[in-house]
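Protein chains: 4
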Amino acid sequence: MSVTLEDARRVIAAAEKRADEIGQPMNIAVVDSGGNLVAHVRQDGAWIGSVNISINKAWTSKAFDIQTKDLGDNAQPNQQFYGIHATNGGKVAIFAGGVPLSRDGVVVGAVGVSGGSGEQDQTVAEAGADAF
Amino acid sequence: MSVTLEDARRVIAAAEKRADEIGQPMNIAVVDSGGNLVAHVRQDGAWIGSVNISINKAWTSKAFDIQTKDLGDNAQPNQQFYGIHATNGGKVAIFAGGVPLSRDGVVVGAVGVSGGSGEQDQTVAEAGADAF
Amino acid sequence: MSVTLEDARRVIAAAEKRADEIGQPMNIAVVDSGGNLVAHVRQDGAWIGSVNISINKAWTSKAFDIQTKDLGDNAQPNQQFYGIHATNGGKVAIFAGGVPLSRDGVVVGAVGVSGGSGEQDQTVAEAGADAF
Amino acid sequence: MSVTLEDARRVIAAAEKRADEIGQPMNIAVVDSGGNLVAHVRQDGAWIGSVNISINKAWTSKAFDIQTKDLGDNAQPNQQFYGIHATNGGKVAIFAGGVPLSRDGVVVGAVGVSGGSGEQDQTVAEAGADAF
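Residue numbers (this note's numbering), protein chains in the order written: chain A, 14 to 145; chain B, 14 to 145; chain C, 14 to 145; chain D, 14 to 145.
Only chain A is shown next, with the shape it has when bound in the complex:
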């Protein structure tokens, strides 16, 4: 009930396909049920600052069983989780691009994408998650 390397590669392939379609090179990361990295790729030309962010988005999405964009809505000033981005050693990403991977209704991993706008990161992550 977790994510195999084969699963991760299928998710990444679908995400890469979507990134190519929108013409924005991306970092794509997949974690398992424990939040541990299974696989990561940085497409040629993608931002080096997004290596860490893609991995952290995937971690965050599994760590709280939530899309990072939804966590972000609750993490703005004056919202209930404001300040959460500073917890867990700075690993909590609170902007779009992290999407849970579920099996039989249980979150067993997550995919994190970083390299474009929030909207671009989100659509690429969703394409990845759809392939799980």
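By construction, these hints were calculated from the structure, which means they are not laboratory data. Glycine included, C-beta positions come from ideal geometry on N, C-alpha and C. Keep in mind that a hint or two might mislead.
[Said to hold, decoys possible] Some chain D residues judged to face chain A by a derived CB distance under 7 Å, without partners named:
no. : residue
1   : L18
2   : N49
3   : A52
4   : H53
5   : V54
6   : Q56
7   : D57
8   : V64
With the hints as your guide, set chains B, C and D onto chain A.
Quick look at chains B, C and D alone, frame taken from chain A:
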């Protein structure tokens, strides 16, 4: 004048009971007068990202002898403690769920809860503190 | 195939019993298959510096599916893993007291103990693991 | 003059093939000329504590244009680089498994492998580098 392991277990048991009542699995942590961890439990199914947050809420609550939700009110942008969440190596939690444990009017420890909404974390932490 | 809170409490109870027998208060931590903390206790009078060490011993033991004392043998100067204690953000403990928890031959978690001599930590951790 | 994602995949495929031959699941990471991660895979069953180490071995190998095992020889107590493992935020790996990737005599990236003995990590990393 601190918190024994027996105290911590009584606090955690009461908090777990409340978490079960509201149907939300939680991370619950108790620290002593030095802010050091006495005990922690993660209920089955509770978020792994909340391990750190529950411990940090307890630490924060003792470190400033305050409920974390009250600290949070003062830690929003343009308020007097804005930025405090980035101090102390990121250990300062500024959202609901950390409640002091007092004896004879003196704060001698704290309980921290994370795993649900701010309201849920708070009610579980209060149930724990009431049992101290 | 991981470690429940009930499992962790059984392991901790057995470890505490052994710590009481040898008269040395201990920190005892249990992690699940992802290396994430399930439960921790610090017995009254146990070292506060051992909170972190007990958790890290448990993490290390699961992270490498090995007893920390055996990893330690390989992590001495001029041995094959010398320097490993500085990896993973300093979470790798290379002295006795971390023991894997296995089910059907698979490591699904670990217990970490810190608070006494290496020999004392080890016997307490083994007592915990035996109860799994 | 760096490492493309296609290059990294070819290196990783060759390393995986060697890991399969010796029957030891591995973490394999490839970095580019800037030391930044291009791709990482964790084979099913490989140690979660080796995610970080594989990436750090690759980083170290490029950062000093050297095999990590050779750096390790110089990083033992009383040797010229003793203590280097504590620099760079703990990213310097000083044991076998990190091998430079060169083109026309220039180091343009590196591969890092972790998951077995030092000898196993080294042979898998060399198989990866040979495919560059």
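Which of the numbered hints above does this structure break?
-> Violated: none.
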